[in-house]
Amino acid sequence: MKPAPDRHTSAPSISICEEPIPAPDYLRLVADAGWTRFVHTDAVDTALKNSLWSAVARDQSNGAIIGCIRIVGDGAIFFYIQDLIVAKAYRKRGIGRRLMEHADRYLKRTAPRKAWVGLFTHPTKAGFYEKFAFHGPRPSLVGMYKATKA
503 MKPAPDRHTS APSISICEEP IPAPDYLRLV ADAGWTRFVH TDAVDTALKN
553 SLWSAVARDQ SNGAIIGCIR IVGDGAIFFY IQDLIVAKAY RKRGIGRRLM
603 EHADRYLKRT APRKAWVGLF THPTKAGFYE KFAFHGPRPS LVGMYKATKA
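Heads up, the sequence shown is in the numbering used here, so the first residue is 503 and it goes up one at a time.
Any given hint could turn out to be false.
[Claimed, not checked] The calculated lysine to aspartate or glutamate pairs, modelled on EDC-like cross-linking and capped at a C-alpha distance of 16 Å, are:
1) K651 <-> D544
2) K551 <-> D527
3) K551 <-> D576
4) K616 <-> D576
5) K590 <-> D534
6) K594 <-> D561
7) K551 <-> E520
8) K616 <-> E603
9) K590 <-> D527
10) K633 <-> D606
11) K610 <-> E520
12) K590 <-> D561
13) K633 <-> E603
14) K551 <-> E521
[To be verified] Now the in silico label distances, taken between C-beta atoms and shown as ranges:
15) P526 <-> S642: 36 to 44 Å
16) R599 <-> A533: 19 to 27 Å
17) Y631 <-> K590: 16 to 24 Å
18) D534 <-> R615: 32 to 40 Å
These are calculated hints, taken from the structure and not from any lab test.
For every residue, glycine included, the Cβ atom is placed at its ideal position computed from N, Cα and C.
Whenever a hint applies, use it, and build me the whole structure from the sequences.
Given below as structure tokens:
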């Protein structure tokens, strides 16, 4: 996949490519984000392989993967934005937005009419996702989750 040109002159040249996320890079980004306690590291290879779609952000000056995003789900009715991560040293440069734009394009060309696209986020990040037409639950709905034992 051809990388998208960088539109941010203040940042190093960052390319976004639709490609699988290598497990070592994923684990490094997860650790950088402070999410290690939520990830069963022995299952990462399987989880990444089972993604419907993924993209990485790469710093062209050194080749490092500095961000990623995945979409998981059944590929027909339910799609879920998973693991939008940008390394701390690269945040506030529009990289997360660019990753979401690529995810949005994938969904527009792939998800059928009436598909449901969900995500979980911290309340302070909700405004970011609202720019992509996501909204909080209706008063009649409650978001729930269950984590299996470690």
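Hint check results:
1. With a C-alpha separation of about 14 Å, the suggested pairing of K651 with D544 holds against the 16 Å cut-off.
2. The suggested pairing of K551 with D527 holds, with an alpha-carbon distance near 14 Å, which does not exceed 16 Å.
3. This hinted pair checks out: K551 and D576 have alpha carbons roughly 14 Å apart, not beyond 16 Å.
4. Taken as a hint, the K616 and D576 pair is honoured in the structure, with Cα atoms around 14 Å apart against an allowance of 16 Å.
5. Between K590 and D534 the CA atoms are separated by roughly 7 Å; this keeps the pair inside 16 Å, and the hint holds.
6. The suggested pairing of K594 with D561 holds, with an alpha-carbon distance near 15 Å, which does not exceed 16 Å.
7. Proximity of K551 to E520 is assessed by CA-CA distance (about 14 Å); at most 16 Å being required, the pair is judged to hold.
8. With a CA separation close to 20 Å, the supplied pair K616 and E603 exceeds the 16 Å bound.
9. Our distance criterion of 16 Å between C-alpha atoms is met by K590 and D527, whose separation comes to about 14 Å.
10. For a cut-off of 16 Å, the pair hint linking K633 to D606 stands: about 11 Å separates their Cα positions.
11. At roughly 15 Å between alpha-carbon atoms, K610 and E520 fall within 16 Å of each other, so this suggested pair holds.
12. Straight-line distance between C-alpha atoms of K590 and D561 comes to about 13 Å, which keeps the hinted pair within the 16 Å bound.
13. Of the supplied pair hints, the one linking K633 and E603 holds, its CA atoms being roughly 10 Å apart against a limit of 16 Å.
14. For the given pair, K551 sits about 11 Å from E521 by alpha-carbon distance, which is consistent with the 16 Å threshold.
15. The hint said 36 to 44 Å for the Cβ distance between P526 and S642, and at roughly 43 Å that hint holds.
16. For the hinted restraint 19 to 27 Å between R599 and A533, the CB-CB distance of approximately 23 Å keeps it satisfied.
17. The hinted window of 16 to 24 Å between Y631 and K590 holds, with their beta carbons roughly 20 Å apart.
18. Take D534 and R615: their Cβ atoms lie about 38 Å apart, and the range 32 to 40 Å holds.
Checked against the numbered hints above, the structure breaks only hint 8 and satisfies the rest.
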